[in-house]
Amino acid sequence: MTDKVSFIHCADLHIDSPFKGLSNIPEQQFKDIRESTFIALDNLVDLAISKRVDFILMVGDLFDQNQQSIKAQSRLTRAFEKLRDNSIDVFISYGNHDHVNGRLFDYDYPNNVYVFESEHVDNFIFKKDDVPLATIYGFSYVEREVLDNKANKFKTVTSTPYQIAMLHGSVSSNTDHDVYAPFQISDLTSKSFDYWALGHIHKRQQLNDEPLIVYPGNIQGRSIKETGEKGCYHVEISETNRQLEFFPLQYIRFEEITIQADHCKDPQELEVLVEKTMKQTSERFGKSIVRLHITSDSVLLEQWYRSSILDEIIDFINELNNREENWVFIQDVRVTYTGQWDKQLIKSGHSFLGELLHSFDTDEIMQNDLQSLFTHRQARKYLDHFTDEEKADIKQKAEDLLIYQLLKE
Amino acid sequence: MEIKSAYIYGFGKWQDYKITFNNSPLLIISGNNESGKTTIRQFFLFMLYGFPPKKRVIYLPKTGGRMGGRLTVSLPGIGDCTIERIHDRNNGEATCVVPSGEILPESWLKDQLNGINQKTFESIFSFDSNDLNEIQNIKMEDLGDVLLGIGMTGTDKIYTTEKWLDNELNQLFKPQGKKPKINQLLLDIDHMYKQLMDLEKRENTFNSKKFEKEKLSLEIEELQDQIETLIKELSKCEKQLNSYTLIQAYYHSKQQLNQFSNHVDYPENGLDRYQQLKEQVMPLKSELTVLEGSLTKTKQEMESVQSNLIPEKLSNTIELLVNQLPNYHRLLNEQQFKNNERHQVNIELSNDLTKLQLGLTIEDMDTLTIPFHIEDAWNHLKQEAEHLKLEKERIDSEFHSLGKQRTYVENELHSFQEKMLETSEFNDMQDKLKKKKEMDRLRESDEIQLKQKESWKIAQQKKTKLANTIFGIGILVTISLMLLGWLLQMDVLYIGSGLVGVSVVLQKILLLFSARSMEKVLFENTTLKHRNVIGDRESREIEQLLHEQESLKQRCENLEIKLNQIKVDQLKSSERNSFLEQKQNRLDQLTRDHKEIYPFLRPIAVEYWPNLLHNLRFCIEKFDKIKTYNQELDRLNDEIKKFEDEVCLLFEQYKWLELNNPIKVKVDYLTSLLNEQSNLHSKVDQYKQWIDQTNAEMQSLVNQLKPYQTEINRLWSIANVADEESFLRKGTQKKEKEELQRKISEYYNQLQLFLYDYELKQIDEGNLIDRWELEDKFKTQETEKKQLENQLKDKQQQLADIKSVISHLERTEDYSMMKHFYSVKIGELNKIAKQWAVLQVAKEKLVNTKKMYQQHYLPKVIERTTIYFEKLTNGSYKRILPLEEGKVLYVECGNGIRYQVTELSQGTRDQLFVSLRIALSEVTSEISKMPFFIDDAFVHFDGVRRASMMQILEKIAEKQQVLLFTCQESIIEYSNNQVMDIQQI
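Protein sequence lines, in the order shown, are assigned to chains A and B. Per the numbering used here, residue 1 is the first one in the first sequence, and the count goes up by one each step. Per the numbering used here, residue 1001 is the first one in the second sequence, and the count goes up by one each step.
Hints listed in this document are in silico derivations from the structure and should not be mistaken for laboratory results. Accuracy of the hints is not assured; some may be wrong.
[To be verified] Taking lysine-lysine and the DSS-like style, the derived pairs with C-alpha atoms no more than 27 Å apart in a straight line are:
#1 K1860(B) / K1119(B)
#2 K1627(B) / K1355(B)
#3 K397(A) / K1157(B)
#4 K1851(B) / K408(A)
#5 K381(A) / K1825(B)
#6 K1119(B) / K408(A)
#7 K1236(B) / K1743(B)
#8 K1803(B) / K82(A)
#9 K343(A) / K1795(B)
#10 K1463(B) / K343(A)
#11 K397(A) / K1163(B)
#12 K1831(B) / K20(A)
#13 K397(A) / K1834(B)
#14 K391(A) / K1174(B)
#15 K225(A) / K343(A)
#16 K347(A) / K1163(B)
#17 K265(A) / K276(A)
#18 K203(A) / K408(A)
#19 K20(A) / K1355(B)
#20 K127(A) / K82(A)
#21 K1419(B) / K1404(B)
#22 K31(A) / K20(A)
#23 K381(A) / K395(A)
#24 K31(A) / K1181(B)
#25 K1779(B) / K1232(B)
#26 K1463(B) / K1389(B)
[Stated by the list, open to error] Which chain A residues stay away from chain B? Per the calculated CB distances, all over 10 Å, these:
#27 V142
#28 E245
#29 I259
#30 L300
Glycine residues also receive a C-beta, built at the ideal position from the N, C-alpha and C atoms.
Build out the structure end to end from the sequences listed, making use of the hints.
And the structure:
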């Protein structure tokens, strides 16, 4: 009877990469954020040790090519050394963010680390008690982009009991991420691998059950888009059985929280409500960065929103939470309120305001309006262009702002 | 909106005034000047929009009462609502009652007004003759602005918002600015970016540093190996040099050993064994020598002691004498004592004799004898003398008293005899005699008592005197005792004084007491008796007389008897006196006799003789004692002399000391001589004992020595020698050889550590290494080592530097930190950029809409104005120009000539303005239908134009309510009667 193989599958560690879309972070939180990817890595190592796994698969994007630091390398090396001391091997393939030619540092990883250096699919044989147990296949991104289908290049060439493939790329139909090494699920299922360890997509998902095709997601969320638990899969495969179990590793969670504030008659009530919700969030998720959605059928919410009372409340609560161990930081607030005025009714008349609202309906190119900033020498250099989503949001906000400003007492 | 009715509580001149409009849309309110038309118009405005307090005050009714009112309006889609405002209620705020009965606030009213505020209202829906002149200044923008105010937003709102947006935008970003938030942020980020790039460059040096580190590590390792080998060589060489003497010693030892013969006859460990034997023997032998020496010495000493001994006979004699010494000393002591005693008594005796002052000396004592009877004799003499003296005194006093008595009695008798009565007289008195007798008796007894008293009194006085003396003495004694006691602090004396004092006082008291009681008894008796006599005065006198006579007679008789008696007594006394004188003579004779015998008595009265005798007896006793001492002393002296003579004889015989040495020295000499001899004897005995003991010990030592000697002989025979010297010499040779062999092996072991075997072998063969050669080699190696070490040091320093750089790079989080900082800043930038974008979009939209809105509505207004103007001027003017910004209006008449507004006549100008206002109202009422107020605007209209005006108004009134205020009744004529409702005020 063959031994079972036990391993951890993770990807997209993005060690020491900064979070996106944050501003005005208090010192403590900033410190925690800086440490978060490292702590998630430590958690990963601890988990591997406690599960006594045979090896760890790291499927690309261990760090960002343009965000590499010696700190990241040395901490990673330290983690590998700890794993070596616990007789755990590590198999690494590099992805689009840490492609081989973009590497800035040569770091000598300990001898328990096996790296797929080539862009061609290669393999290592994992031996348990000197008996070959599994063959691990993989390739690395040598250049920033791999645009051809790599899945087709994977072929089992050994007769070890287990065949495992590491692939950093995305399904060709995916539009959320840049599509690299595109493949069709059928490309994978048609091969006789026991496990497809995928990377690149930060959202964890299991694409197939037989064979297992899995995205573990990243181990630490880095923006509000990457909410919820983040971590890795612990996989155990034997001849008769396969087990897949997710373990969260993140140090800080991103969450979107919605608050119903219909009954709040004054800012204090709202403040109490937000505070309570943040406390619950802290208890539920631990350290969290939150996007707060406040909805209300009262016109008061907009007044508070416009008169920056809401900002003050949020600042106050952020300050309040600042010193907590399990802090919650409200990164931004979105308010949804029932407007004081019936937009349709306004539009139906021929008043100036009606005309104004009508002007928002037209799909005008907004970029012209914003030219003054986006053509500015420095701003151009550092500013990202607004996404469509952002543009829509900006338009909506501008419209709401005008209605409020023109109609307020 | 349509106004239905109004009720004025009080407003300007109006009070409790009700206006009701019927359903006709064109309402003409006419009245003369100051009839209050304009006030009503203001009232409507007040009801719709309210006035600020200052403006309200203007319309306070002058006659008092509250200011305010109700306005009922009909609202599209709602129905009739009543608006009520009162000046002093809620700051003039409106309350609105809607058809459902609900009461709603001012804000609701505002919503209903569709954003048309008072200003907009007045610029569109209300005008009067004063406004007409404005037409010449009207520009396109003004018209546009007026148009913007239509709808829910007022013009000012749009402007404020635009301004606010501009302001907000400027705070966030200015393309050329530095202060706004985004500009500042950009500067920060620029700065950060540069820092980040620098840090990144530094991080990128990491690889080269690592390579350098590896290389240096290898080089250092190599150098270290070289140095290690060199150090080993050096140390060997150094050791060879340091121990060059050792090498030499080894070499020489080896040479020496070769000179020794191979075998020597000698007992194993011969020297040691011999030495051991010697060690055993030597103490024994030395002990023997010591003993011999001491024996000789003892013998010599004993002989010298013996020579000092004296012959035994002499010694016995001395001993005998010495034994007598205690006795001799006792005798001497006794002699001394007796001498002292005798001397003492002698002094006492001479003292006693001197005290007696009899002129007696001690020598006299020898002759003085006092027979035993002499004492009685002297006592008798003393008594006799005393007795005689007493008798003599008594008789002398007797004589004296008897003499006195005789004289007295004779005098008495004589006096009595004179007093005696004649016998006749006496007889007369006879009968009374009885009584007289009794009286006599009584008198007699009185007499006795008197006498007794007298005598007692005398005795008493004596007693008292004595007692006083005793008392005085006693007191004195008491005081003196007390003083003494106080001085000496003795309690006994105090007690004594106390006792004496008490007893003396007691005695005095007792005496006084007894004297008093006696006195009492005596005096009482006498008085009693005298009283009894004094019973019958007459009888008593007779009786007394008789008695006196009787008594006198009796007394005379008695006195005569007494006188005789006294004479007898005088005789007796003289007889006794002569007897005494005889006796005295005899005594004197006896005294003289004694004085003859004992001449020393002469100066002494006979009364003291017994006493003197007593003293003399003591003296005699002492003298006897002296005599006894003398005898004893004589005896003692004899004995002492005898002993001393014996001693002196001995000394004379042996001529030990000078004869004239005192006896004491001699005696001491004898004693010491005896002691010395006895010591010498005991010493001799001790020496004898020692000699015996020493002999025994010596014998024992000789026995012990025997076996050792045998052993020594055996050793000698083995070594083939006959004496100790040879044996020892041979032994030393053997030892030297052994020592040499040991040394060589020791040297060999030491040398082995830093000499190669072949080098040792060379030495064995007699070839010594050259010292200079060695030193040369050492120096060369040392220089080489130093060079290598310096190289190593440099490399190590380089390595350390690089390591610290690497470790710093590894440790430092600068880059990582900056990266995160940068990211957060970028986040901030994006966030603010988004805020800015919202504002920017809003602003753009607002501006664009404004432009578009005006573009859309203005032509319409102009078009309508042209129509009305043409109509009013009967087609004189066809067009209104221009539609350009910043320019005043032009009108074009039918022939194409253009006129500025100012060039038009007043009437035409007014008509143009009215046309414009109507057009505006008409266009805007598409959005918001409000009542149209016109107040005396047609002043300059001629009849034709007024009529056309009315037509136009009527037309408009179909769409919206029109309120026309006028003072010109004529205007009514031009209007269509059917549709007009004239309110005559």
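Checked hints:
no.: 1; hint: K1860(B) / K1119(B); verdict: holds, 22 Å
no.: 2; hint: K1627(B) / K1355(B); verdict: holds, 22 Å
no.: 3; hint: K397(A) / K1157(B); verdict: holds, 19 Å
no.: 4; hint: K1851(B) / K408(A); verdict: holds, 22 Å
no.: 5; hint: K381(A) / K1825(B); verdict: holds, 14 Å
no.: 6; hint: K1119(B) / K408(A); verdict: holds, 18 Å
no.: 7; hint: K1236(B) / K1743(B); verdict: holds, 22 Å
no.: 8; hint: K1803(B) / K82(A); verdict: holds, 22 Å
no.: 9; hint: K343(A) / K1795(B); verdict: violated, 80 Å
no.: 10; hint: K1463(B) / K343(A); verdict: violated, 168 Å
no.: 11; hint: K397(A) / K1163(B); verdict: holds, 18 Å
no.: 12; hint: K1831(B) / K20(A); verdict: holds, 11 Å
no.: 13; hint: K397(A) / K1834(B); verdict: holds, 10 Å
no.: 14; hint: K391(A) / K1174(B); verdict: holds, 21 Å
no.: 15; hint: K225(A) / K343(A); verdict: violated, 31 Å
no.: 16; hint: K347(A) / K1163(B); verdict: holds, 24 Å
no.: 17; hint: K265(A) / K276(A); verdict: holds, 17 Å
no.: 18; hint: K203(A) / K408(A); verdict: violated, 44 Å
no.: 19; hint: K20(A) / K1355(B); verdict: violated, 155 Å
no.: 20; hint: K127(A) / K82(A); verdict: holds, 20 Å
no.: 21; hint: K1419(B) / K1404(B); verdict: holds, 23 Å
no.: 22; hint: K31(A) / K20(A); verdict: holds, 15 Å
no.: 23; hint: K381(A) / K395(A); verdict: holds, 24 Å
no.: 24; hint: K31(A) / K1181(B); verdict: holds, 25 Å
no.: 25; hint: K1779(B) / K1232(B); verdict: holds, 14 Å
no.: 26; hint: K1463(B) / K1389(B); verdict: holds, 25 Å
no.: 27; hint: V142; verdict: holds, 18 Å
no.: 28; hint: E245; verdict: holds, 32 Å
no.: 29; hint: I259; verdict: holds, 21 Å
no.: 30; hint: L300; verdict: holds, 15 Å
Going through the hint list in order, the structure does not satisfy hints 9, 10, 15, 18 and 19.
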